[in-house]
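Enquirer: Chains as they are written, first to last, in UniProt numbering: chain A, 1 to 331; chain B, 1 to 331.
I should point out that these hints are in silico values taken from the structure, not numbers from a laboratory.
Don't be surprised by glycine CBs; every beta carbon is placed ideally from N, CA and C.
Mixed in with the good hints, there may be bad ones.
[Unchecked claim] Distance windows between CB atoms, simulated:
(1) A/GLU205 / B/GLU181: 48 to 56 Å
(2) A/ASN45 / B/GLY292: 27 to 35 Å
(3) A/SER197 / B/PRO44: 23 to 31 Å
(4) A/SER198 / B/SER14: 46 to 54 Å
(5) A/LYS195 / B/ASP47: 24 to 32 Å
[As the list claims (entries may be wrong)] Simulated crosslink set (DSBU-like; lysine-lysine; CA at most 30 Å straight-line):
(6) B/LYS254 / A/LYS11
(7) B/LYS254 / A/LYS63
(8) B/LYS11 / A/LYS54
(9) B/LYS201 / A/LYS54
(10) B/LYS200 / A/LYS254
(11) A/LYS250 / B/LYS11
(12) A/LYS63 / B/LYS250
(13) A/LYS21 / A/LYS11
(14) A/LYS200 / B/LYS250
(15) B/LYS63 / A/LYS250
(16) A/LYS231 / B/LYS250
(17) B/LYS200 / A/LYS250
(18) A/LYS254 / B/LYS195
(19) B/LYS195 / A/LYS231
(20) B/LYS54 / A/LYS201
(21) A/LYS195 / B/LYS254
(22) A/LYS254 / B/LYS290
(23) B/LYS201 / A/LYS254
(24) B/LYS93 / A/LYS254
(25) A/LYS250 / B/LYS231
(26) A/LYS254 / B/LYS99
(27) B/LYS195 / A/LYS250
(28) A/LYS254 / B/LYS254
(29) B/LYS63 / A/LYS254
[Said to hold, decoys possible] Residues from chain A that keep clear of chain B, each with C-beta distances beyond 12 Å, as calculated:
(30) GLY40
(31) VAL95
(32) TRP182
(33) ASP209
(34) ASP247
(35) SER286
(36) ARG314
Number of protein chains: 2
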Amino acid sequence: PELGELNSTFKLQSVELPEVKDGQLLIQPIFFSNDPAQRGWIYPNQDERRTYMKPVQAGECMKALALAKVLESKDASIAEGNFVVASCGWIEKAVVDTKDIFSLPMIPGLSPSVSLGAFGGTGLTAFFGRGFTDIAQFKEGQSIIVSAAAGATGNMVVQLAKYAFKAKKVIAIAGSAKKCEWLRTIGADVALNYKESSFKKDLQEAAPDFVDCYFDLVGGDILDACIPLVKPYGRIVACGAITGYNDTSKHVIKNWTEVITNSLTIQGFVVLHFMHRIQEALDFISLALKEGKLKIEETVVRASIEELPMIWMRLFSGENLGKLISQVADL
Amino acid sequence: PELGELNSTFKLQSVELPEVKDGQLLIQPIFFSNDPAQRGWIYPNQDERRTYMKPVQAGECMKALALAKVLESKDASIAEGNFVVASCGWIEKAVVDTKDIFSLPMIPGLSPSVSLGAFGGTGLTAFFGRGFTDIAQFKEGQSIIVSAAAGATGNMVVQLAKYAFKAKKVIAIAGSAKKCEWLRTIGADVALNYKESSFKKDLQEAAPDFVDCYFDLVGGDILDACIPLVKPYGRIVACGAITGYNDTSKHVIKNWTEVITNSLTIQGFVVLHFMHRIQEALDFISLALKEGKLKIEETVVRASIEELPMIWMRLFSGENLGKLISQVADL
């Protein structure tokens, strides 16, 4: 994906900014959100009726969510110098319609970048609607396995499950000893490194009575290992499948028959479908933060616009703790 | 699996029958039900907490459901000469407790073997509880894909969907041109042979606006092909996975991310969990039959006890139309 190489996925382009019209803003992105979901937005030849947003077409600007500063405003409701969340893509400056941006209140004492993580798509995904209340139907005293647990969504699931939903047992899966150590400090009763040779055995031993829910962010081999550990009539939240985003042949599910014989329910969801309930989630997360039930973890990487693809790619090699943010300008 | 060969799965054994005590019956199986699910009952070293019935142990009699004649009764409620359904296994005669048998009314004009098919596990599975009303939540005017559609459960799903639930479109998948031809006569709007090279393209063309439900009896490659054809928020009934029963590496689901991006729900079920609602299903199926909305299709094969394994194996090579029954004695 590196820029400028032969067959690169991305290319740096200079384009002239349009004039700022009424109801529009000129914005400068400060922080970019890095999300595994972005991988899904750039598969070629997708059937648009099967995608939850229009895929990026060849030649178009790569889509990305940014926390941006308003440099110029032609909308009386938003002042210059304000911060907004915009899906403006990887761009240094952009002209956007105010109807397309989120104007979120800044939270005192926290970096504005939390609007992209704990209070953004990944935090909402961890909390949201179907994530816990609808799909997982998670209840106090239940047990849960979370994969990609040190990532932006996963670490929020671990914390919310343990402290806000009073889980009996939270089993977290991540890709390094360091991540596992950290996960134990934020609420994981057990944290397991899937790269260890004893992983599958350790995972089975961690769930001798099975779990009520598996929050799946990775798919493939780890999903396969977790299916037999979900209780009969238990639930699997299909929230991400990072294992196979770059190689679909990794989606081998040898334990598929367990879905049938143990009457499991697997439910997929996209947080965008729950934006009408955003206030409920923001209130819950704010309260959890105030009550000390939640810590916010971000990995902020200072970068030039050219470096954005490479920083984003760290998601797939698992180098980040918590939310991975690219910072392209000073606040 | 052939009998008597080196490393055979099955072995013919002679055992002495116990005395018939109070509350017991001596029965002679006439018809045996052949079910893909039996494959799951003989995997070695299964964790019993993950199985819906005790797996067959090495040396034990192979489990199977039979329609049997009562030769001797020490229970006043059941007369000699009656027919009962018993899970007695592959055996010529058996002594069973009356509490373990089903005593079903015979349906005039129909072979008693229907108690194993249309009115037995496979028919109930097609209709049942979670199959249509709970899991599929199938409604009049909706569309459905059914795999293994010419099999015992599949053909009942096709007929019930089309005639009893007034489906807008029933797309049936089977393994031969002959089966497809038959499926068109029992209610399939489209019937496709998955062995044709054009299968995937034909399947996509058959569902240009996607379907509300996929009733999956096979798993693997066909499940994978159907996932992208289920509407956003649609449902997949995970009812069987015959593709991978003998080779779990066939459970490759390359389109797994569609489960997430299209918010699909996959739900597994075992009909045994719904036996408390058996009367509801039997009434429904009886009525559908009376109203001409349902035809019963059976493939009855006359066999000796030694031939039972080989007849059962025909399920995996797909040689049967409708319910595959082994008949070991005259009525």
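Enquirer: Run the structure past the numbered hints and jot down the numbers of the failing ones, going up.
Expert: The structure breaks hints 2, 8, 11, 12, 15, 19, 22, 24, 26, 30, 33, 34; every other hint is satisfied.
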